[in-house]
Amino acid sequence: MFLRILRPLVLAAVFASPAAAGEVTSFDLDNGLQVVVIEDHRAPVVVQMVWYRAGAADEKPGVSGVAHFLEHLMFKGTDTVPSGEFSKIVAANGGSDNAFTSWDFTAYFQRIASDRLELVMKMEADRMRHLKLSEDDWQTEREVVIEERNQRTDSDPGAIFGEQKQAAQYLNHPYGTPIIGWRQEMEKLTRQDALDWYKTYYAPNDAVLIVAGDVTPDEVKALAEKYYGPLAPTPGIGPRARPQEPVQRAERRLSYRDPRVAQPYLSRSYLAPERDPGDQKTAAALTILAAALGGSPQTSILAKRLQFDSKIALYTAADYDGLSYDDTTFSLVVVPAPGVGMAEAEKAMDGVLDDVAKNGIDAEQFARIKTQIRADNIYAEDSVMGLAKRYGEALTTGLTIKDVQDWPAVLDAVTVDEVRQAARDVLDKRHAVTGWMMPESAGDDTTELMQ
Amino acid sequence: MIRALITVAVVLMTALPALAAVKIQEITSPGGIRAWLVEEHSLPFTALELRFEGGASLDAPGKRGATTLMTSTLEEGAGDLDSQGFAAAREALAADISFDVGDDAVSVSAQMLTENRDQVVALLKSALTEPRFDQDAIDRVRAQIDSLIRQDETDPGRISSRTLDRLAFGDHPYGTVRNGTLDSLAALTRDDLIAAKDAVLARDRVSVAAVGDITPEALGKLIDEVLGPLPAKGAPMPPHVTPDLTGGVTVVDFDSPQSVVNFGQPGITRDDPDFFAAYVLNHIIGGQGFSARLMDEVREKRGLTYGIGTFLMPLNLAETWQGTFSSANEKVAEAIGVVQDVWADVAANGVTEAELDAAKTYLTGSFPLRFDGNDRIAGILVGMMAEGLPASYVNDRNGYIEAVTLDDVKRVAQRLMTPGGLRFVVVGKPVGLQTTN
Numbered sequence: 001m002f003l004r005i006l007r008p009l010v011l012a013a014v015f016a017s018p019a020a021a022g023e024v025t026s027f028d029l030d031n032g033l034q035v036v037v038i039e040d041h042r043a044p045v046v047v048q049m050v051w052y053r054a055g056a057a058d059e060k061p062g063v064s065g066v067a068h069f070l071e072h073l074m075f076k077g078t079d080t081v082p083s084g085e086f087s088k089i090v091a092a093n094g095g096s097d098n099a100f101t102s103w104d105f106t107a108y109f110q111r112i113a114s115d116r117l118e119l120v121m122k123m124e125a126d127r128m129r130h131l132k133l134s135e136d137d138w139q140t141e142r143e144v145v146i147e148e149r150n151q152r153t154d155s156d157p158g159a160i161f162g163e164q165k166q167a168a169q170y171l172n173h174p175y176g177t178p179i180i181g182w183r184q185e186m187e188k189l190t191r192q193d194a195l196d197w198y199k200t201y202y203a204p205n206d207a208v209l210i211v212a213g214d215v216t217p218d219e220v221k222a223l224a225e226k227y228y229g230p231l232a233p234t235p236g237i238g239p240r241a242r243p244q245e246p247v248q249r250a251e252r253r254l255s256y257r258d259p260r261v262a263q264p265y266l267s268r269s270y271l272a273p274e275r276d277p278g279d280q281k282t283a284a285a286l287t288i289l290a291a292a293l294g295g296s297p298q299t300s301i302l303a304k305r306l307q308f309d310s311k312i313a314l315y316t317a318a319d320y321d322g323l324s325y326d327d328t329t330f331s332l333v334v335v336p337a338p339g340v341g342m343a344e345a346e347k348a349m350d351g352v353l354d355d356v357a358k359n360g361i362d363a364e365q366f367a368r369i370k371t372q373i374r375a376d377n378i379y380a381e382d383s384v385m386g387l388a389k390r391y392g393e394a395l396t397t398g399l400t401i402k403d404v405q406d407w408p409a410v411l412d413a414v415t416v417d418e419v420r421q422a423a424r425d426v427l428d429k430r431h432a433v434t435g436w437m438m439p440e441s442a443g444d445d446t447t448e449l450m451q
Numbered sequence: 452m453i454r455a456l457i458t459v460a461v462v463l464m465t466a467l468p469a470l471a472a473v474k475i476q477e478i479t480s481p482g483g484i485r486a487w488l489v490e491e492h493s494l495p496f497t498a499l500e501l502r503f504e505g506g507a508s509l510d511a512p513g514k515r516g517a518t519t520l521m522t523s524t525l526e527e528g529a530g531d532l533d534s535q536g537f538a539a540a541r542e543a544l545a546a547d548i549s550f551d552v553g554d555d556a557v558s559v560s561a562q563m564l565t566e567n568r569d570q571v572v573a574l575l576k577s578a579l580t581e582p583r584f585d586q587d588a589i590d591r592v593r594a595q596i597d598s599l600i601r602q603d604e605t606d607p608g609r610i611s612s613r614t615l616d617r618l619a620f621g622d623h624p625y626g627t628v629r630n631g632t633l634d635s636l637a638a639l640t641r642d643d644l645i646a647a648k649d650a651v652l653a654r655d656r657v658s659v660a661a662v663g664d665i666t667p668e669a670l671g672k673l674i675d676e677v678l679g680p681l682p683a684k685g686a687p688m689p690p691h692v693t694p695d696l697t698g699g700v701t702v703v704d705f706d707s708p709q710s711v712v713n714f715g716q717p718g719i720t721r722d723d724p725d726f727f728a729a730y731v732l733n734h735i736i737g738g739q740g741f742s743a744r745l746m747d748e749v750r751e752k753r754g755l756t757y758g759i760g761t762f763l764m765p766l767n768l769a770e771t772w773q774g775t776f777s778s779a780n781e782k783v784a785e786a787i788g789v790v791q792d793v794w795a796d797v798a799a800n801g802v803t804e805a806e807l808d809a810a811k812t813y814l815t816g817s818f819p820l821r822f823d824g825n826d827r828i829a830g831i832l833v834g835m836m837a838e839g840l841p842a843s844y845v846n847d848r849n850g851y852i853e854a855v856t857l858d859d860v861k862r863v864a865q866r867l868m869t870p871g872g873l874r875f876v877v878v879g880k881p882v883g884l885q886t887t888n
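Going down the list, the protein sequences come from chains A and B.
Numbering-wise (the numbering used here), the first sequence opens with residue 1 and increments by one.
Numbering-wise (the numbering used here), the second sequence opens with residue 452 and increments by one.
Please keep in mind that the hints were generated in silico from the structure rather than gathered at the bench.
Mixed in with the good hints there might be a few duds.
Derived DEER-like restraints, expressed as beta-carbon distance ranges [said to hold, decoys possible]: (1) A:122 x B:844: 26 to 36 angstroms; (2) A:279 x B:704: 19 to 29 angstroms; (3) A:279 x B:838: 51 to 61 angstroms.
Computed footprint of chain A on chain B; a stretch qualifies when at least three of its residues, placed anywhere within it, have a C-beta under 8 angstroms from a C-beta of chain A [what the hints assert, rightly or not]: (4) 484 to 497; (5) 511 to 517; (6) 702 to 714.
For glycine and all other residues, C-beta sits at the position ideal for the given N, C-alpha and C.
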C-alpha cells in the first residue's frame, strides 16, 4: 500500500549480505577485468552480469543522459552480431536479458540455462569493445529514450517532483542531474557523444564481471580468459573524482504543484555519508535508523507517532541507501491525513526527528530490527540474481568484496547509542532539503510555505 | 555465424533436463486439505502460498471494496494482539506474512524460519481465523484506500486500464475497481468485513503450496492448524461474462505530454484446445523482450514508444487479449495505426516459421528459469493448482508449446483476430484521434 509514492532512485537498499552458503570466488584478468563467481547449484541456471564503473554522474556537463543512451545503443550490433540481434539470440536460447543505468554504474545481464553461458559470455565480451552504430540506429533510439523520459518522468508528477528535489539536494555534485538526462540535452545527443562515452569507459579495466548460479570458478575463469582476456584496456582510467558538495549553510525548500496530484505529500532529505571501503560503521547506524523510523507500517517510530497516535499522517516512510560512490541521502516522506495541512504535518515530523536525535530509539524495537537483519541474510540466499546485484552494486560504488561480506557483522555490531549519534549528526534541520508536492488548487498551505 | 549459434542452441535445448530440481509432492493433510510441496532443505526457511478463489469479485451488491478493505485489515491485529502488537510479534520472529487481493483471488504469502515456525504458524492462524477488525484499524486502512482511489483518478495509466475494463465488463465486478468508490468504501462497516471474510476465506476454494525446509508430515499438520477453523464453504462465484469490446477508439482527455494507450479484444479460455497456439501467437506479436513484432515495428523501427506489450488474460470469469503502450501526443495516432496494421497482417497471413521457432525456443527455454527461489516456485505451484492443472504440468508444459504448428497459429489467429477489431483507449491529448463508436 502506498509504495507508489516512494520511488527508489536506484536499486533498493537492502540489509542483508550473503552468508557462507553461497560460495564466492574472485580473481582479476591481466587486462584489469575483475571477476566474481557466486555458486548456487540448486537449479541449472546462470546469471552473467557486466557492471561498468561509469554512470550518469560521470558524464561531462552538457551531455546528460549519454550514459543511459549508450546503454540502449549497446543492444545494437557488432561485426559478428547484426543490429538488434543481441536480445533475439538470447531469447532464442530461452534466456532473458536487460540492462540498467544509475549515477554510479551501468550494468548488463542475461539469465540463461547454465549450458549457454559460453554463448552469452562471448557476445557480452564482443560488445564491450566492438560496438557498431549506424545512422538509423542511433537516431531512432534517441526518440525511444525521449519517449522513455515522457513515460517515466514527464507523465508522472511524483517523478517530476523527485527530479526537482534531487537537483535541489545537490548544488555541485552531478547526482543532481537526472540519470535519464535533462530533456533539452537529450534532444541534442549525437552518435559521437555516445561513442566518446563508450570508448572511454567500456573497457575491461573499468568493468566487473559477475557470474552467478550453476557454475564453477574454473569454468568461469577459462571462459573469461578466452573471451574477455584479449580485450584491450583503456589506459589512464583513474579513480573517479567528481565535484563534491560544499557545506550546506542554508536550509532549502521547494514546492511543486501539478493538477495531476491527488494526494499531497512532503519529502525531506539530508546529505548523508555512504558506505566507504573499510569504514561502514556510520552507514550501518543510518541503515538501522531508517528501519527504526520507517521500516514497519505498524511499529516504526514515524508510523506509531504520526499514523497511530496523532493520526496526522496516512503514510510515512524513511529511506537510506548506503551504496553510493559519493555522499548519499537520508530521506523521509509524510503523507498528511485529510484535513491536515502540509506545515502541520512537517512540524509533527520534525517533532519526532528531534525526539529521536535527543532520546534515541527503543531497545525492544532495536532488538527486533537486528533479528530481521539476521533473518534477511538467510532469505537473501534464495535469490542468486539478488546476490549478484549486491556484489555488482557494491563493487561499482567503491567497496570491496570484503566490505560486502563484512556488512552483516558491521550491522550486527551497531549499538543503540550509535544510532542516536547518527541521528544527531545527520538530521540537522539547517542541512535539510524539504519539498511539498501539492495539487494545483491552492489552499492555506501556500502562505504556510512562504513563512 | 549467428545462424550457426542458433542451430547449435536448438539442439542443446532438447537435451536440457526438464526441471530436475523441482520435485512436486502432492499431499493431503490429515484434515483432508490438498497441497503441493517441494522439499528444499538447503536453506532453513519455508515459503508458503495460500490462494482463495473469488477474490474481490465476491463483493456483495452495494459493498464494492469490502474484500479489499478486509484483506488489507487482516494484518492489523488478531486474537490478543492489536495492530502494533501483531506487527511486533511478526517482526520479532523475522517472518514475512503478507495478504493480497486480486479480481480472482485473495492470496496469502508467508516466509518463515525453521527455528520458530510453530510460532509463525500460530500468528498466521490467528490472522486468518480471529482477525480483530478493530474500528480504529478499519478507519486507518480505509483512509489509505480512500487516498489510493483519489490518486488513481488522476493517474493516466489507471484511467486508461479502468476505462477499458468498464467498456468490456460494465457492471460485472471486472468492470469496476476493486478498491470500490469513495462512497461505497465510506459506507463499509465491520460487519461487512466479517461477511467478506467468510465469503472468500473458506476451505472449499483454497489452493496450498509450500517450498522449503519442511517435511510432508509437518506441512500437513501446519495446513490443518491454519485452515482447519475456516468455514467449509464460501460464497458462490459470480457468473462468467463475455467482454463487450468492439473495434474503435475511445479518447479520454487528460493534460499530459504523452498519451497512455490500453487496447483489447475478446480472448481465449485456458482450457481451449487452441490455448497454447494463442499463447505462442501472443508471444510473437507482443510478448516479452525485443523480438516481438510490435516492439520491432513501434519501437525499434520507428521510435514511437519506450515499450509495447500484449498479454492474454484468461481470468476465472472472462477472457480478454490486451496490450498497452505510451506515446507522445503527436505520435500516438501513428503508433495505433502500426498496431492495427500488424493485427491485420497477422490475421490475414499468420506468422513465419522462423518466428514460430524463435518463440518456441524462448518459451520452452525460459520456463525453467522461473523456478529460481522458494517463494517464486511456491507462487507458480499455487497458481497451477488453482487453475486445476496437474502437478505433472511442470514437466509436460514445454511439450504443449513444442506441439504448436504453423497451421495451429494461423487457425487461432484467424479465429481470434479481425482487422480493426481492437478497441483502443487513449488517455492524453492525442493529435488526430477522436472517439468512435
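Q. So which hints don't hold here, by number, going up?
A. Violated hints (numbers, rising): 2, 5; every other hint is consistent with the structure.
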